[in-house]
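Asker: Residues per chain are reported as follows:
Protein chains: 2
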Amino acid sequence: MGSGVRTTAGILKQLVLSAAAVAVFAGPARAEDGYDLWLRYKPIESAAQRQSRSFATQIAGQTETPTLRAAAAELSRGLAGMLGTAPTVSGSVTSDGAVLLGTPTSSSEIAALKLGLDRVGDEGYVLRSTTVNGRRATVVAARSDVGVLYGAFHLLRLFQTRASLDNLDVVESPRVQFRILNHWDNLDGTVERGYSGASLWDWHKLPDYLDPRYTDYARANASLGINATVLTNVNANATALTAPYLDKAAALAGVLRPYGIRVFLTARFSAPIEIGGLKTADPLDPAVAAWWKTKVAEIYRHIPDFGGFLVKANSEGQPGPQDYGRSHADGANMLADALAPHRGVVMWRAFVYSHEEPDDRAKQAYSEFVPLDGKFRDNVLLQVKNGAIDFQPREPFHPLFGAMPKTPLMMEFQITKEYLGFATHLVYLAPMYRETLDADTWRKGKGSTVEKVVDGSLHGYRRTGIAGVANIGADRNWSGSHFDQANWYAFGRLAWNPSLSSEAIAEEWTRMTFSNEPAVVEPVVQMMLRSREAAVDYMTPLGLHHLMGRGHHYGPGPWVEGGPRADWTSVYYHRADARGIGFDRTATGSNAIAQYAPEVAAEFGDLKRCPEKFLLWFHHVPWDYRVQSRRTLWDELVVTYTRGVQSVGDMRKTWSTLTPYVDSGRHAQVAAFLTIQEKEAQWWRDASIAYFKTFSKRPLPKGFAEPAHSLDYYKALEFPHAPGHH
Amino acid sequence: MGSGVRTTAGILKQLVLSAAAVAVFAGPARAEDGYDLWLRYKPIESAAQRQSRSFATQIAGQTETPTLRAAAAELSRGLAGMLGTAPTVSGSVTSDGAVLLGTPTSSSEIAALKLGLDRVGDEGYVLRSTTVNGRRATVVAARSDVGVLYGAFHLLRLFQTRASLDNLDVVESPRVQFRILNHWDNLDGTVERGYSGASLWDWHKLPDYLDPRYTDYARANASLGINATVLTNVNANATALTAPYLDKAAALAGVLRPYGIRVFLTARFSAPIEIGGLKTADPLDPAVAAWWKTKVAEIYRHIPDFGGFLVKANSEGQPGPQDYGRSHADGANMLADALAPHRGVVMWRAFVYSHEEPDDRAKQAYSEFVPLDGKFRDNVLLQVKNGAIDFQPREPFHPLFGAMPKTPLMMEFQITKEYLGFATHLVYLAPMYRETLDADTWRKGKGSTVEKVVDGSLHGYRRTGIAGVANIGADRNWSGSHFDQANWYAFGRLAWNPSLSSEAIAEEWTRMTFSNEPAVVEPVVQMMLRSREAAVDYMTPLGLHHLMGRGHHYGPGPWVEGGPRADWTSVYYHRADARGIGFDRTATGSNAIAQYAPEVAAEFGDLKRCPEKFLLWFHHVPWDYRVQSRRTLWDELVVTYTRGVQSVGDMRKTWSTLTPYVDSGRHAQVAAFLTIQEKEAQWWRDASIAYFKTFSKRPLPKGFAEPAHSLDYYKALEFPHAPGHH
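Just so you know, the protein sequences line up as chains A and B, in that order. For the first sequence, position 272 matches number 272 in UniProt numbering, and the numbering has no gaps at all. For the second sequence, position 151 matches number 151 in UniProt numbering, and the numbering has no gaps at all.
Just so you know, these hints were derived from the structure itself, not from any lab. Mixed in with the good hints, there may be bad ones.
Put simply, identical chains are the same to the list, so a pair is met inside one copy or across any two.
What the hints assert, rightly or not - Subject to a maximum C-alpha distance of 30 angstroms in a straight line, what follows is the list of computed DSS-like cross-link-like pairs (lysine-lysine): (1) K444 / K653; (2) K295 / K679; (3) K293 / K715; (4) K375 / K114; (5) K715 / K608; (6) K715 / K295; (7) K446 / K697.
Could you put together the complete structure from these sequences and hints?
Answerer: If you want it as structure tokens, here you go:
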């Protein structure tokens with residue numbers, strides 16, 4: 001309340017006016033709908049508000065660059081939302097409880113504090129409780145503007161999660177250089193494997209209309225430290241590189257730039273033919289190299305801080321250097337040479353497998369790329385999926401990790417749930433990401449984790465990166481479901497710090513997204529932490545993989561066979577027969593285990609030592625084999641499928657108890673989706689058991705229900721219009 | 001404020017609490033984004049609020065049916081938003097200023113009032129200021145629940161537009177029976193000719209997840225009296241008629257039903273082959289007829305109040321009865337017979353033209369259908385576009401209107417702006433609809449307007465209908481732009497009452513959507529009223545038509561020629577040559593004028609009497625012909641194109657003066673779109689002049705700028721990913 005108000009009548013009048021003003025602003029009731037993501041900035045509980053306010057009386061500092069302005073604006077917005085009143089703004093600290101933000105360049109007060117900012121690098125920051133001009137202040141300082149922005153979001157997160165604001169001494173910097181989203185978005189507005197509506201990019205109205213959502217997208221990413229984005233699908237369209245589309249991409253880059261986000265594009269390898277009028281795209285043809293040099297220079301005229309190209313080549317029908325008898329290194333290096341003068345990089349995907357299927361698909365990327373180690377230009381990174389097949393609910397770590405010490409390997413995680421129930425299944429992916437990052441490659445002895453490969457420490461990579469295939473679309477809630485926002489969040493947090501625990505991330509996110517009430521935080525975090533295991537259980541237990549419906553990847557399809565190529569079927573992967581089930585990748589089979597370090601190969605290759613979660617990934621196992629539970633493999637499969645369904649039922653019941661704590665709009669959508677998930681989990685379980693039973697020819701364990709329908713029923717289901725499949 | 005509060009301290013406390021409650025509810029600032037459409041229910045200016053409140057102290061009546069509950073809920077929501085406090089709810093009138101709603105069945109108080117409800121039919125209503133139980137009350141009464149709902153929206157509109165609430169004596173009923181939206185929405189989520197994002201229907205998550213948007217869609221339609229909707233594209237997919245999709249459609253029907261909206265589907269004529277396993281879809285084959293009877297019965301088991309089928313047959317590649325040598329009547333009647341036992345109807349589209357192009361395309365629908373007059377079943381309506389070509393910016397009325405006295409002709413308007421600048425051009429369509437409705441067919445002498453054909457009064461049709469091709473999608477603002485909401489609104493209002501003026505509708509909409517401030521209402525209404533003429537001027541002046549880019553229909557393409565068929569080119573329609581320009585549809589040409597009544601034909605066919613707006617539609621006119629302005633035709637063309645561009649500039653300038661009155665979010669988007677429109681208007685003008693100049697070989701009138709670019713430049717522009725084209 002204004003301090004000039006003296007009389008009760010005056011106070012009354014002021015209150016009436018402010019109540020009216022808020023009412024005018026609020027308009028009719030509108031439920032929360034997820035648009036605000038984890039940046040909701042809802043009022044702090046009144047008991048704690050006074051205490052919080054004492055740390056946010058003033059925003060101090062010179063904020064004259066776009067990025068510092070964004071940082072100050074975010075602080076102002078966030079603190080006003082949480083505290084009910086916006087802090088005052090000042091060039092320097094003049095009151096106790098100030099937040100001073102800036103760089104030594106923007107602020108002499110910060111320069112004078114000698115915070116040791118050299119430690120935090122180009123993107124890091126320091127949060128420090130101290131005294132400035134004799135006033136109590138919280139300092140958000142960095143060497144760069146974007147570091148200040150990241151620090152501002154960190155400070156807001158402390159308010160949002162009700163963390164202590166006393167005696168702050170935070171020193172943060174990202175462990176990974178490129179923290180990048182991959183949008184598989186097509187120029188026609190569709191999104192490959194997108195389950196959250198149309199593409200966020202309204203290419204048709206660009207560059208003239210800049211949807212405010214682009215700014216909110218930038219804010220959300222900056223809040224996590226995501227610093228790059230590939231706007232276009234890896235199954236690329238050369239039109240994206242034409243002048244009109246570069247104008248459009250440049251307009252987006254202009255919105256994202258203040259938030260520290262650099263734009264990348266996918267390069268269709270045959271673009272010199274399709275839009276350049278050349279007869280070839282041979283990377284060793286001088287005219288082709290010249291065309292790309294000219295094209296890249298044109299791109300940099302549009303986007304001076306353009307990041308570079310992401311390339312899918314010679315994979316699933318995409319053109320590439322092998323079309324001309326050249327290697328992946330020849331192709332990547334040609335593009336890298338065009339980008340190098342502008343400091344751009346090439347992210348070359350390792351997701352390749354031969355058209356001719358000469359070998360276990362799981363082995364092909366390793367076979368293709370390991371011989372090329374050391375042959376790539378300095379500004380090439382190789383982008384490797386977490387596992388060797390394709391974003392399955394569970395895969396052992398990709399054998400390339402640790403096997404290319406001279407080539408920076410980026411991680412490619414999938415955030416969109418192509419194989420994990422689309423937008424309706426609640427599956428928190430941090431435990432899956434964590435499992436891969438924690439995997440030990442043993443390439444330099446025990447402790448040579450994938451995390452150390454990816455953060456560059458194991459091999460001393462000069463460049464590092466983590467990419468996530470985005471789950472962001474035009475849906476109001478961005479990600480198709482409220483809980484899928486957590487996967488965007490978790491990706492971003494892990495890209496910044498690949499050591500964070502799944503639980504810590506889940507708790508942060510839950511507090512910011514739903515509530516700080518323990519009655520909410522505890523059950524929601526538990527649901528999240530168990531959810532991925534539940535999905536593995538009802539979809540692909542015990543190391544099974546690639547059992548989904550053909551093409552659209554929706555629902556179970558363990559019976560899928562035939563068609564254009566064996567390794568696009570399910571039977572190729574599960575190899576069920578009268579004897580047993582599983583893909584023998586030991587020396588008696590495809591010997592894919594030989595691509596791992598000897599210590600790893602020894603473990604995976606030994607039926608007794610192989611972790612049961614990977615059992616059928618590496619071994620063809622008899623139906624009556626006794627697993628750790630002492631059940632037979634067949635019984636264990638049935639038990640596991642059933643447990644997955646039950647876990648979803650448990651989530652649904654837990655969620656139903658949260659009605660008093662979660663706004664009705666979001667509660668209802670999550671509840672509806674959990675009901676769908678439970679139904680679909682049952683479908684996965686029943687269809688899979690009905691099918692595998694035709695091989696095992698064994699009864700279900702006692703007390704376990706038969707599938708609800710016949711196998712023919714499940715096989716007859718068709719989904720010609722499942723989303724994300726174009 | 002609660003009446004029990006006595007002390008100042010108590011009042012203070014209460015105010016603080018309520019302010020806090022509102023603040024908690026409101027959360028951080030969120031701009032208006034158009035989601036609320038014309039149902040924003042923002043607070044009435046405080047000066048008028050007390051007066052308004054005196055008419056809404058109480059909502060009285062028994063509201064125990066879903067529709068009456070919806071009516072009461074809408075009143076409560078709207079009045080609470082506008083008045084700041086929700087009226088109390090009571091079973092009967094107990095206070096002055098009550099709103100009593102119901103039917104004679106639901107309310108004995110209404111039954112006792114003897115309101116003469118027989119006058120209003122099944123969907124009409126009465127609003128009456130009267131006294132009930134000795135208390136001053138406003139009565140919203142109808143014979144049916146849905147009439148009450150419509151009346152509730154009418155009453156809310158009076159509050160919203162600041163109309164007088166004194167001495168109400170409103171008697172309303174719809175003039176047209178089927179007031180129906182046609183969604184050209186595909187099952188894969190794309191929308192043909194849709195410029196407002198993906199389809200509103202999330203088929204994949206249906207029937208299990210009911211997006212709250214479906215309810216808001218129903219509310220918006222009910223507020224206009226729209227009572228039916230075709231969920232699927234006229235270019236139909238038989239999959240929509242399979243059991244899983246009928247479950248989905250039934251779920252939508254369940255949401256729409258309380259709002260008086262019946263669901264229709266498009267019937268793909270070859271469905272018996274595609275999903276029925278038959279070898280033929282011949283409508284005279286008994287197995288085909290039996291298949292449809294069975295299928296229709298199945299649909300009614302899913303949707304007991306299913307409306308019927310909309311059919312596009314033997315048009316633009318769609319299958320139809322002519323594939324089997326049968327007539328359109330044979331096809332429509334076969335479906336009608338299947339629907340009749342369930343009281344369903346067939347809406348059969350008249351938009352057909354031959355593959356072989358034997359004749360002026362403008363003549364073909366008339367030639368095809370007039371001989372069939374009287375041959376259709378009682379439950380068939382023929383759905384006729386407003387003009388004979390295809391939703392051009394301006395077309396003379398379709399010659400079928402008035403020419404089929406024994407067959408109910410429905411109007412088909414296009415709301416989505418396929419040919420009118422997509423979502424970015426501000427083009428208010430009521431004047432276009434009005435122009436067609438006001439056109440005089442002269443079929444029963446002077447005054448035989450299209451309006452009277454469509455409302456059934458001219459020929460005594462037993463069934464009547466007006467269809468609008470929807471402009472509704474998943475975009476936050478529903479229609480792609482804020483002003484395109486006005487076209488949905490205008491369509492609905494005209495479908496209810498085809499006599500309403502464009503200006504009255506524009507004023508209502510502006511008041512509800514933007515503001516009741518005269519400083520807003522007057523300029524916005526003027527912009528809207530002039531906008532369609534501006535678009536005609538910069539796109540297709542003086543009766544020119546079908547000059548857009550090929551396929552995507554985006555931007556000018558007067559040079560389009562060749563390709564699969566002549567009547568999909570521009571040159572077919574403008575026929576420019578060294579001598580002049582225009583399509584001779586008089587007796588010396590295609591003689592399309594002979595399809596009109598003699599009085600109309602005489603006017604259109606006479607170069608001197610033909611309205612100049614239709615000049616080049618009916619006549620091939622020499623370049624040096626003197627038009628009414630005494631300018632040559634060529635000069636007039638240039639002047640008109642230029643005027644169109646200037647009009648858009650004027651709109652842009654007018655809008656820029658409204659910054660103080662319109663919320664920043666919506667103001668900015670409209671401003672950005674007007675900038676796009678001005679640029680594209682200039683493009684239309686320049687490209688058209690550059691092209692037609694190659695025929696006229698005449699200079700531009702003095703003071704008129706040459707096109708900015710060469711003709712080759714304009715011809716080279718490509719738009720492979722323009723929206724709405726799939």
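Asker: Indicate, hint by hint, whether the structure satisfies it.
Answerer: For each hint, the structure was consulted:
no.	hint	result
1	K444 / K653	neither (46 angstroms within a copy, 69 angstroms between copies)
2	K295 / K679	between (51 angstroms within a copy, 27 angstroms between copies)
3	K293 / K715	between (51 angstroms within a copy, 28 angstroms between copies)
4	K375 / K114	neither (44 angstroms within a copy, 93 angstroms between copies)
5	K715 / K608	neither (35 angstroms within a copy, 70 angstroms between copies)
6	K715 / K295	between (49 angstroms within a copy, 24 angstroms between copies)
7	K446 / K697	neither (43 angstroms within a copy, 83 angstroms between copies)
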